[in-house]
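Student: Now for the letters of each chain:
There are 2 protein chains.
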Amino acid sequence: MPSYQAPVADALFLLNDVLHWDRYNNLPGFADASPDVVEAVLQEAAKISQEILQPINLSGDREGCVRHDDGSVTTPKGFKEAFKAYAEGGWIGLATNPDFGGQGLPYTLATLVNEFSASANMAFTMYPGLTQSAIAAIDKHASAELKNAYLPKMIAGTWSGTMNLTEPHCGTDLGLLKTKAVPNPDGSYAITGQKIFISAGEQDMTENIVHLVLARIEGAPAGTRGISLFIVPKFIPDASGNPGERNGVSCGSIEHKMGIHANSTCVMNHDGAKGWLVGEANRGLNAMFVMMNEARLGVANQGLSQSEVAYQNAVAYAKERLQGRSLTGPKSPDKPADSIMVHPDVRRMLLEIRAFNEAARALILWASLHADVSQKSPDEKQRQASEDILGLLTPVLKGVFTDRGFDNAVKAQQVFGGHGYIGEWGMEQFVRDARIAMIYEGANGIQALDLVGRKLPKDGGRALTAFLNEVGGYLKQEESDPAMQPYLAGLKSGVGHLQQATMWLMQNAMAKPDNAGAGSYDYMHLFGLVAMGYMWCKIAKAAQAKKAADAGQAAAMDAKLIAGKFYMERLMPETAAHLARLSTGADTMMALPADAF
Amino acid sequence: MPSYQAPVADALFLLNDVLHWDRYNNLPGFADASPDVVEAVLQEAAKISQEILQPINLSGDREGCVRHDDGSVTTPKGFKEAFKAYAEGGWIGLATNPDFGGQGLPYTLATLVNEFSASANMAFTMYPGLTQSAIAAIDKHASAELKNAYLPKMIAGTWSGTMNLTEPHCGTDLGLLKTKAVPNPDGSYAITGQKIFISAGEQDMTENIVHLVLARIEGAPAGTRGISLFIVPKFIPDASGNPGERNGVSCGSIEHKMGIHANSTCVMNHDGAKGWLVGEANRGLNAMFVMMNEARLGVANQGLSQSEVAYQNAVAYAKERLQGRSLTGPKSPDKPADSIMVHPDVRRMLLEIRAFNEAARALILWASLHADVSQKSPDEKQRQASEDILGLLTPVLKGVFTDRGFDNAVKAQQVFGGHGYIGEWGMEQFVRDARIAMIYEGANGIQALDLVGRKLPKDGGRALTAFLNEVGGYLKQEESDPAMQPYLAGLKSGVGHLQQATMWLMQNAMAKPDNAGAGSYDYMHLFGLVAMGYMWCKIAKAAQAKKAADAGQAAAMDAKLIAGKFYMERLMPETAAHLARLSTGADTMMALPADAF
Numbered sequence: 001m002p003s004y005q006a007p008v009a010d011a012l013f014l015l016n017d018v019l020h021w022d023r024y025n026n027l028p029g030f031a032d033a034s035p036d037v038v039e040a041v042l043q044e045a046a047k048i049s050q051e052i053l054q055p056i057n058l059s060g061d062r063e064g065c066v067r068h069d070d071g072s073v074t075t076p077k078g079f080k081e082a083f084k085a086y087a088e089g090g091w092i093g094l095a096t097n098p099d100f101g102g103q104g105l106p107y108t109l110a111t112l113v114n115e116f117s118a119s120a121n122m123a124f125t126m127y128p129g130l131t132q133s134a135i136a137a138i139d140k141h142a143s144a145e146l147k148n149a150y151l152p153k154m155i156a157g158t159w160s161g162t163m164n165l166t167e168p169h170c171g172t173d174l175g176l177l178k179t180k181a182v183p184n185p186d187g188s189y190a191i192t193g194q195k196i197f198i199s200a201g202e203q204d205m206t207e208n209i210v211h212l213v214l215a216r217i218e219g220a221p222a223g224t225r226g227i228s229l230f231i232v233p234k235f236i237p238d239a240s241g242n243p244g245e246r247n248g249v250s251c252g253s254i255e256h257k258m259g260i261h262a263n264s265t266c267v268m269n270h271d272g273a274k275g276w277l278v279g280e281a282n283r284g285l286n287a288m289f290v291m292m293n294e295a296r297l298g299v300a301n302q303g304l305s306q307s308e309v310a311y312q313n314a315v316a317y318a319k320e321r322l323q324g325r326s327l328t329g330p331k332s333p334d335k336p337a338d339s340i341m342v343h344p345d346v347r348r349m350l351l352e353i354r355a356f357n358e359a360a361r362a363l364i365l366w367a368s369l370h371a372d373v374s375q376k377s378p379d380e381k382q383r384q385a386s387e388d389i390l391g392l393l394t395p396v397l398k399g400v401f402t403d404r405g406f407d408n409a410v411k412a413q414q415v416f417g418g419h420g421y422i423g424e425w426g427m428e429q430f431v432r433d434a435r436i437a438m439i440y441e442g443a444n445g446i447q448a449l450d451l452v453g454r455k456l457p458k459d460g461g462r463a464l465t466a467f468l469n470e471v472g473g474y475l476k477q478e479e480s481d482p483a484m485q486p487y488l489a490g491l492k493s494g495v496g497h498l499q500q501a502t503m504w505l506m507q508n509a510m511a512k513p514d515n516a517g518a519g520s521y522d523y524m525h526l527f528g529l530v531a532m533g534y535m536w537c538k539i540a541k542a543a544q545a546k547k548a549a550d551a552g553q554a555a556a557m558d559a560k561l562i563a564g565k566f567y568m569e570r571l572m573p574e575t576a577a578h579l580a581r582l583s584t585g586a587d588t589m590m591a592l593p594a595d596a597f
Numbered sequence: 001m002p003s004y005q006a007p008v009a010d011a012l013f014l015l016n017d018v019l020h021w022d023r024y025n026n027l028p029g030f031a032d033a034s035p036d037v038v039e040a041v042l043q044e045a046a047k048i049s050q051e052i053l054q055p056i057n058l059s060g061d062r063e064g065c066v067r068h069d070d071g072s073v074t075t076p077k078g079f080k081e082a083f084k085a086y087a088e089g090g091w092i093g094l095a096t097n098p099d100f101g102g103q104g105l106p107y108t109l110a111t112l113v114n115e116f117s118a119s120a121n122m123a124f125t126m127y128p129g130l131t132q133s134a135i136a137a138i139d140k141h142a143s144a145e146l147k148n149a150y151l152p153k154m155i156a157g158t159w160s161g162t163m164n165l166t167e168p169h170c171g172t173d174l175g176l177l178k179t180k181a182v183p184n185p186d187g188s189y190a191i192t193g194q195k196i197f198i199s200a201g202e203q204d205m206t207e208n209i210v211h212l213v214l215a216r217i218e219g220a221p222a223g224t225r226g227i228s229l230f231i232v233p234k235f236i237p238d239a240s241g242n243p244g245e246r247n248g249v250s251c252g253s254i255e256h257k258m259g260i261h262a263n264s265t266c267v268m269n270h271d272g273a274k275g276w277l278v279g280e281a282n283r284g285l286n287a288m289f290v291m292m293n294e295a296r297l298g299v300a301n302q303g304l305s306q307s308e309v310a311y312q313n314a315v316a317y318a319k320e321r322l323q324g325r326s327l328t329g330p331k332s333p334d335k336p337a338d339s340i341m342v343h344p345d346v347r348r349m350l351l352e353i354r355a356f357n358e359a360a361r362a363l364i365l366w367a368s369l370h371a372d373v374s375q376k377s378p379d380e381k382q383r384q385a386s387e388d389i390l391g392l393l394t395p396v397l398k399g400v401f402t403d404r405g406f407d408n409a410v411k412a413q414q415v416f417g418g419h420g421y422i423g424e425w426g427m428e429q430f431v432r433d434a435r436i437a438m439i440y441e442g443a444n445g446i447q448a449l450d451l452v453g454r455k456l457p458k459d460g461g462r463a464l465t466a467f468l469n470e471v472g473g474y475l476k477q478e479e480s481d482p483a484m485q486p487y488l489a490g491l492k493s494g495v496g497h498l499q500q501a502t503m504w505l506m507q508n509a510m511a512k513p514d515n516a517g518a519g520s521y522d523y524m525h526l527f528g529l530v531a532m533g534y535m536w537c538k539i540a541k542a543a544q545a546k547k548a549a550d551a552g553q554a555a556a557m558d559a560k561l562i563a564g565k566f567y568m569e570r571l572m573p574e575t576a577a578h579l580a581r582l583s584t585g586a587d588t589m590m591a592l593p594a595d596a597f
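Chains as they are written, first to last, in the working numbering: chain C, 1 to 597; chain B, 1 to 597.
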């Protein structure tokens with residue numbers, strides 16, 4: 001049976017020492033999140049993750065969800081009770097609007113809580129996670145009436161939320177969607193159409209399920225400019241706001257998937273279901289993007305979460321497994337063999353994972369802080385600057401964290417040898433669960449295209465310029481610190497490659513857009529390596545300071561300094577390969593006729 | 001439902017045009033394998049793979065193997081009949097000794113047949129594949145009496161073979177194994193101990209199962225020099241050679257695994273089972289290595305096989321899936337969207353797979369030819385030279401093909417978007433099945449260590465020197481051909497990195513063996529990239545000649561020339577990153593105390 005310990009100490013180090021949490025206490029919500037409160041919240045989140053969510057992860061995978069003939073879905077044993085405990089603990093509403101019962105704490109804190117939950121049980125965490133994203137979209141775009149009707153119940157977790165986007169013939173290309181909305185006399189709409197791959201579309205944990213559905217109002221323009229967003233509840237709220245009449249939306253079947261078995265993936269049939277417009281007609285994609293962007297960061301977090309829990313279990317196994325002898329002579333001569341921790345290649349695998357995990361956690365917290373600032377700062381310029389960085393980082397985090405999260409789960413599984421392939425050890429579940437994160441909320445190739453085709457050129461490249469200026473300023477500011485040299489050199493090299501890659505795209509993608517598409521994936525990963533390298537520099541700086549100030553922290557800080565050095569030696573060199581590939585452009589790959597593939 | 005077409009045309013091109021099959025017709029077995037015979041054999045192999053094995057792949061995965069209370073195991077529906085057809089077609093004995101009923105055809109041909117079978121149904125192919133490896137070990141090391149008793153039945157496929165190595169406390173480190181062998185008065189041994197992860201350990205397809213078991217004869221030295229190899233049949237042959245008395249070996253349980261569900265992975269309990277010594281006492285590892293080396297090439301082939309079948313299905317899906325528009329404007333304006341083949345990033349994924357598949361097939365055929373020469377050449381020097389290259393290539397092929405085979409299955413799955421995650425499309429099965437190949441027959445980290453710690457320094461580096469001389473001579477020989485320049489430049493750069501990496505290891509690993517361990521994985525992949533790059537050069541040369549000679553082949557040959565160029569542009573640049581990582585040595589990863597992980 002796998003185990004999990006939430007990385008509370010690392011989280012506090014990142015918030016307090018690396019990201020200087022205290023500098024944000026002028027923002028709403030942050031004042032309530034003093035260091036003590038933050039620590040208490042994280043300890044509680046660790047507890048529910050470790051004690052309630054983690055123990056039902058493996059069993060949930062084996063049992064899966066079951067759809068019954070009446071369209072109802074039963075979640076695995078313990079899930080209903082766990083959801084209740086999660087909702088009652090206030091975790092769903094942690095960072096949501098206090099006007100509707102939320103706690104209004106920083107989004108950054110919710111990011112950590114969600115990482116812990118997802119490490120413990122990714123399939124479970126999707127239920128509250130999608131609810132949180134739906135809450136954000138409703139809060140931002142719906143009318144006061146709809147907000148009052150839905151948000152308090154969703155924030156309390158008595159009702160859940162979902163996203164209904166995909167249809168059989170359209171996933172990425174939402175412009176093709178056919179689900180139609182016909183106005184009813186009462187101001188609502190009759191929604192008809194089939195949606196597929198709807199995570200948490202039906203379940204037995206909440207009194208009601210609130211679907212956010214993209215559909216085309218009769219007569220609307222074709223393509224993406226004719227799509228509107230609707231709230232379609234499973235049960236229509238009655239006069240007193242409780243679940244009333246059953247709506248015409250139902251689960252037609254559930255998918256048999258590679259992983260996340262405990263989360264129901266539903267075909268949802270809308271048969272003239274009653275829906276209420278959210279935001280403006282034909283501007284539905286715009287409103288849905290609030291939900292999608294939040295969900296994309298949530299999915300990035302899932303990548304990190306599986307990498308973290310897989311790492312912890314691989315380390316525990318490696319310490320106990322005795323096999324072979326060190327290349328430099330027996331290290332445990334009294335035992336039949338040394339622990340496999342003596343083997344450099346085992347350490348290589350583990351450190352590749354760890355060097356990602358700590359930087360990725362720093363990076364998603366940094367992005368989350370920008371999300372908080374972009375929503376809450378009284379200074380418009382600051383809001384804009386943070387929104388720029390957040391927009392730039394979102395596809396990078398989604399694409400890079402989920403690719404690496406999956407690769408790392410595979411690496412951790414490899415540490416187990418044959419046992420990694422056997423169900424009962426739980427490692428293969430991490431791999432299967434992590435795999436979906438590369439696909440949903442926009443497949444990673446789409447993230448890369450979003451980055452290169454949309455986020456880079458937006459506003460004349462303002463976001464990237466700001467990012468490069470910040471990193472450049474940092475490199476200059478630290479250049480005289482000799483202890484920082486091993487870290488700065490790696491970052492400098494990576495930034496150089498990023499600048500060259502950007503220049504190449506500017507010079508070659510205008511005239512030939514396929515050059516942007518051909519290089520987008522490499523560019524995304526190059527960007528991710530640089531952004532994580534920047535985080536490692538900040539971590540190293542903070543670790544050196546903490547070590548100097550507190551000898552009791554020396555061992556923990558030395559571990560960070562070593563992991564950071566490993567990152568620069570072993571991960572950062574990939575930036576050169578990304579640049580080399582990208583610079584070859586699209587000609588060769590476009591030269592092959594489609595029929596010749 | 002996934003589909004599969006065996007790549008017969010590519011196989012024939014590689015054999016005839018690239019590897020010049022006709023040059024080997026002085027070797028036993030090759031004379032019988034004229035071009036017509038080879039083509040007929042491959043067509044028949046394609047037929048059984050496509051028509052019998054492939055249709056039961058998905059169903060076999062869903063159904064899995066079932067162990068009953070009496071220890072018997074039922075394989076999925078259709079497997080028994082498929083095995084019978086496979087055996088009766090003579091496929092098991094294709095390249096085995098004619099003295100015992102084999103067809104004595106080249107091993108190289110069996111490599112292709114096994115690739116086809118494994119692409120169609122990897123879990124199935126393990127049953128005959130392990131039988132083939134057991135046949136090789138018995139043929140090479142057992143007494144005439146044992147050979148006569150076992151080989152004809154195994155070659156005919158009425159009996160199957162397995163390898164019993166792993167025990168709960170020892171996988172890689174066989175020196176720890178405890179299974180014991182006590183001499184019986186009749187010259188046999190009583191074998192007692194538990195073996196785990198025994199693929200095909202019990203099944204319902206053959207009359208008898210022949211286990212090759214590693215055990216320690218009472219009083220033998222500790223460690224690897226006290227291990228002997230035994231034949232332990234499920235049923236002891238009676239006086240007329242038919243299955244007689246039930247032996248004391250039985251299946252205690254079967255594992256629930258990530259994939260290869262249709263292959264039974266058994267705990268085998270030996271309770272004083274009767275076993276017969278194969279080869280010399282205490283030299284069992286030596287004998288088993290015949291089986292293991294053959295099995296390692298077989299596993300490399302599995303990596304290629306899953307990459308190939310996943311590629312074919314991804315291409316078929318990409319051609320049909322309409323989503324989005326080309327970055328350069330609509331390509332199918334009459335349709336609601338363009339096929340996703342217009343998107344550079346989709347082509348990137350597909351070409352990354354294909355650029356591996358064709359070079360990998362060439363490389364494993366080249367290695368297989370060396371296996372044939374090393375066994376069959378009348379010239380001792382040639383035999384030795386081929387054995388050197390084969391020994392050097394075996395860990396590279398096992399490690400690199402299975403890593404890339406898995407990655408490629410993941411990439412092909414990604415092309416499907418959400419559908420790739422759903423069971424019925426079959427893509428996620430390729431990923432789950434491919435995953436085991438990185439683990440069994442020596443986890444890939446062990447392959448890397450075998451390469452760097454054993455194969456490189458062996459005989460003063462004779463094998464590597466021969467390889468580098470061959471490639472160097474080739475580069476020189478072709479340098480004046482202008483059409484070859486794009487290919488040669490990539491290979492040259494890769495070879496340069498390989499030489500630098502080798503030099504670095506020579507200078508740094510003697511004094512500090514951990515430097516070898518720390519760089520072994522990068523070295524293995526660097527070697528693989530160079531070896532496949534060498535194959536691409538040979539393919540490009542042959543393609544240019546074929547295109548010039550036969551206009552009808554122009555399109556097919558152009559596709560190869562493009563895929564080869566893609567390889568040099570997009571895969572070969574990784575050699576620099578491998579060299580950079582390797583050159584950082586072991587210091588950082590060894591600096592972290594084990595407790596601090």
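Treat the hints with care, as some may be off.
The list makes no distinction among identical chains, and a pair is therefore deemed to hold if it is satisfied within one copy or across any two copies.
Within a straight-line C-alpha distance of at most 30 Å, the following computed DSS-like cross-link-like pairs (lysine-lysine) qualify [what the hints assert, rightly or not]: (1) K47 with K512; (2) K458 with K80; (3) K335 with K140; (4) K381 with K178; (5) K147 with K376; (6) K512 with K458; (7) K80 with K319; (8) K492 with K476; (9) K180 with K147; (10) K381 with K47; (11) K319 with K178; (12) K335 with K47; (13) K476 with K546; (14) K178 with K335; (15) K84 with K331; (16) K376 with K180; (17) K180 with K335; (18) K84 with K180; (19) K492 with K80.
No lab work stands behind these hints, which were simulated from the structure alone. Predicted, not measured: the structure shown is a model, and the values here were computed from it.
Student: Now tell me, hint by hint, if it's right for this structure.
Tutor: Checked hints:
For the homomeric pair K47 and K512, neither the shortest alpha-carbon distance inside one copy (53 Å) nor that between copies (44 Å) is at most 30 Å. Taking the closest pair of Cα atoms, K458 and K80 never come within 30 Å of each other, the shortest separation being 44 Å inside a single copy and 61 Å across copies. Neither within a single protomer nor between protomers do K335 and K140 lie at most 30 Å apart by alpha-carbon distance, with minima of 62 Å and 36 Å respectively. When the C-alpha separation of K381 and K178 is checked against a cutoff of 30 Å, the pair qualifies neither within a copy, at 40 Å, nor between copies, at 71 Å.
Within a single copy, K147 and K376 get their C-alpha atoms as close as 20 Å, which meets the 30 Å cut-off; across copies the closest is 80 Å, which misses it. Proximity of K512 and K458 under a CA criterion of 30 Å is satisfied intra-copy only: 18 Å inside one chain copy versus 52 Å between copies. In this assembly of identical chains, K80 and K319 lie within 30 Å of each other by CA distance neither inside one copy nor across copies; the values are 36 Å within and 43 Å between. In this assembly of identical chains, K492 and K476 lie within 30 Å of each other by CA distance solely inside one copy; the values are 10 Å within and 38 Å between copies.
Taking the shortest Cα distances, K180 and K147 sit within 30 Å of each other inside one copy (24 Å), while across copies they are farther apart (73 Å). Within a single copy, K381 and K47 get their C-alpha atoms no closer than 39 Å, and across copies no closer than 68 Å, so neither meets the 30 Å cut-off. In the homo-oligomer, the alpha carbons of K319 and K178 lie at most 30 Å apart only across protomers (22 Å), although the nearest pairing inside one protomer, at 55 Å, exceeds that limit. Taking the shortest alpha-carbon separations for K335 and K47, neither the intra-copy value of 36 Å nor the inter-copy value of 54 Å comes in at or below 30 Å.
Taking the shortest alpha-carbon separations for K476 and K546, only the intra-copy value of 22 Å comes in at or below 30 Å, while the best inter-copy value is 58 Å. Proximity of K178 and K335 under a CA criterion of 30 Å is satisfied inter-copy only: 15 Å between copies versus 67 Å inside one chain copy. Proximity of K84 and K331 under a CA criterion of 30 Å is satisfied in neither setting, with 49 Å inside one chain copy and 51 Å between copies. When the C-alpha separation of K376 and K180 is checked against a cutoff of 30 Å, the pair qualifies neither within a copy, at 36 Å, nor between copies, at 71 Å.
Taking identical chains as interchangeable, the C-alpha atoms of K180 and K335 lie at most 30 Å apart only when they sit on different chains, with a minimum of 21 Å there against 70 Å within one chain. For the identical chains of this complex, K84 and K180 are neighbours neither inside a copy (35 Å) nor across copies (55 Å), given an alpha-carbon limit of 30 Å. In this assembly of identical chains, the alpha carbons of K492 and K80 never lie at most 30 Å apart, being 50 Å within a copy and 61 Å across copies at closest.
Hints 1, 2, 3, 4, 7, 10, 12, 15, 16, 18 and 19 from the earlier list are contradicted by this structure; the remaining hints agree with it.
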